[in-house]
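As you go down the protein sequences, you meet chains D and Z in turn.
The first sequence runs contiguously to residue 170 in our numbering.
The second sequence runs contiguously to residue 973 in our numbering.
For the record, the hints were derived by calculation from the structure and aren't laboratory data.
Predicted model only: the values in this text are computed from it and were never measured.
Don't take each hint at face value.
Listed next, with one range per pair, are the computed distances between beta-carbon atoms [what the hints assert, rightly or not]:
(1) Z:HIS868 with D:GLU160: 14 to 24 Å
(2) Z:SER632 with D:LYS121: 41 to 51 Å
(3) D:PHE70 with Z:GLU656: 20 to 30 Å
(4) D:MET152 with Z:LEU817: 35 to 45 Å
(5) D:ASP60 with Z:HIS651: 22 to 32 Å
(6) Z:GLN821 with D:ILE141: 13 to 23 Å
The beta-carbon is built from N, C-alpha and C at its ideal position, and this holds for glycine as well.
Now for the letters of each chain:
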Amino acid sequence: MSDAKKIVLAEDNSTLSRLLKFRLEKEGYKLLIAADGKEAIELIEQHNPDIILTDIMMPFISGLEVISHVRNKLKRDTPIIVFSAAGQEENIIKAFNLGANDFMGKPFSPNELVIRVKRLLR
Amino acid sequence: MESYQYLIDYFENSPTIIKVVWVASSIFIIIIILLVIYLKYLRGHLRKNEKIVTKHQKEYESYLISYLYAGNEEEEISEEQQAIIDKLKSCAVDEFKRRIIVSTLLRLRNEISGEMAEAIQKLYFQSGLISYALSQLKSKKWYIVAKGIRELTQFHVKEVHDEIVNFVNHPKKEIRKEVQLYLVTLFHFEGLKFLDVLQTHLSEWDQIQLLEVLQHFENQELPNIKPWLKSTNDSVVTFALKLAKIYNQFEAKDAIMQLLAHQQKVIRVDAINALSHLQVVEAKDILKNNFDKLSLEEQITFFKLLENMYETSDEPFLLDHVTHINFEIKLSALKTLKILNIEKFKSLNEISDEPDYVKIFNFIEHN
């Protein structure tokens, strides 16, 4: 288990977080859950994850700020997948400009997320 | 004791105004103390409630996630899933717990797609939650009916279409709004058929919400809007004109042209706007021939239409109206004329010394 790849998941919907945690842990990953952007940054700094999954709209610190922190302050190239609700095209473009690697529009399929995570961690 | 006596003596010997101030101050202090106590109790109660909700929510989240991953390919419902369904069924009897279960299911239902979203839908049926929503439709309280319809919309329950349609002309606008959203969210453009029977007013806000829902669908093929353009309900006609513009319904041009003779001015104006958007050239002659009979608002809208689809043959008509009494018509006529025939436009420099005309002419000449 110590070799398990670490994933930080920043998502304010606790039900979705728990579902994704369950699904990704079944695939052998270690999940670190953050309920907002502030917690996500703390987890990223402490655990140096292999991949980050973040929602764009979150309390306190948004997903965009999390991406910016990872790329500009921590200077890390950890793969980042962003989630976003429909109608946030502008934010998606901003996320890619800040350095996000992939994007999934909500509602999304957890199985598809697993495939994308595997692809980015290959 | 002496000090108390001193206070009583002081109060009794004080002037009336001072007494009144003391009494009022005391009353206010008592009210403030009571309010503080009440707020403290309320805050405690809300926090306690929040803790209970969080506790139940976590419990139901666990049930839901276990249910989603407990399926197997051999059985339709596994033993573990059946146990979860039974637990949820027993919890759903309590209205408070039922609300938390429904919100937990929805929180996930709105965020995920595919097999799992379908499984949540299935759980909604299996746990009997749907029967509570259906029973809400029979309530005498309008807000309970509206909540029931909204829940059925959120869980995409198409099977109750016939029951919901009965509320299309309900006297409460909140229920009508939920019905319209149910039909359009679940049946897309086909759901708009409620417009055939709608007798009540479709507000501007209702129209905006319907258009917002419609724009999300992949299939943007609109059914025949002509019957709605001929509706006796003016708000349905207005909405149909919006649909004609947004979805470029050129085939409905004849029905729209008939609306130029509608008894409501606002519909005639909307019809001119729609014809302008659809570039229906035939409308120009009809409007030109009846120009003097049109209201000022229609005349202004017609000139906007001319700005959008002018032809050389419009020149005499424009020339007749460059000195029109209305500022907007004058501006529009001169603007269009400048594009059509610049020489002619320049020759109009001194045909009027009216200040508005001079201002407009100079503005258009230099822009």
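Structure-based check of each hint:
At roughly 51 Å, the beta-carbon separation of Z:HIS868 and D:GLU160 lies outside the given 14 to 24 Å, and the hint is violated. The supplied range of 41 to 51 Å is broken by Z:SER632 and D:LYS121, whose beta-carbon atoms lie about 59 Å from each other. Take D:PHE70 and Z:GLU656: their Cβ atoms lie about 25 Å apart, and the range 20 to 30 Å holds. Checked against the given bound of 35 to 45 Å, the beta carbons of D:MET152 and Z:LEU817, roughly 27 Å apart, lie outside it.
Against the hinted window of 22 to 32 Å, the Cβ-Cβ separation of D:ASP60 and Z:HIS651 comes to about 25 Å, which satisfies the hint. Our hint of 13 to 23 Å for Z:GLN821 and D:ILE141 holds, since their Cβ atoms are close to 20 Å apart.
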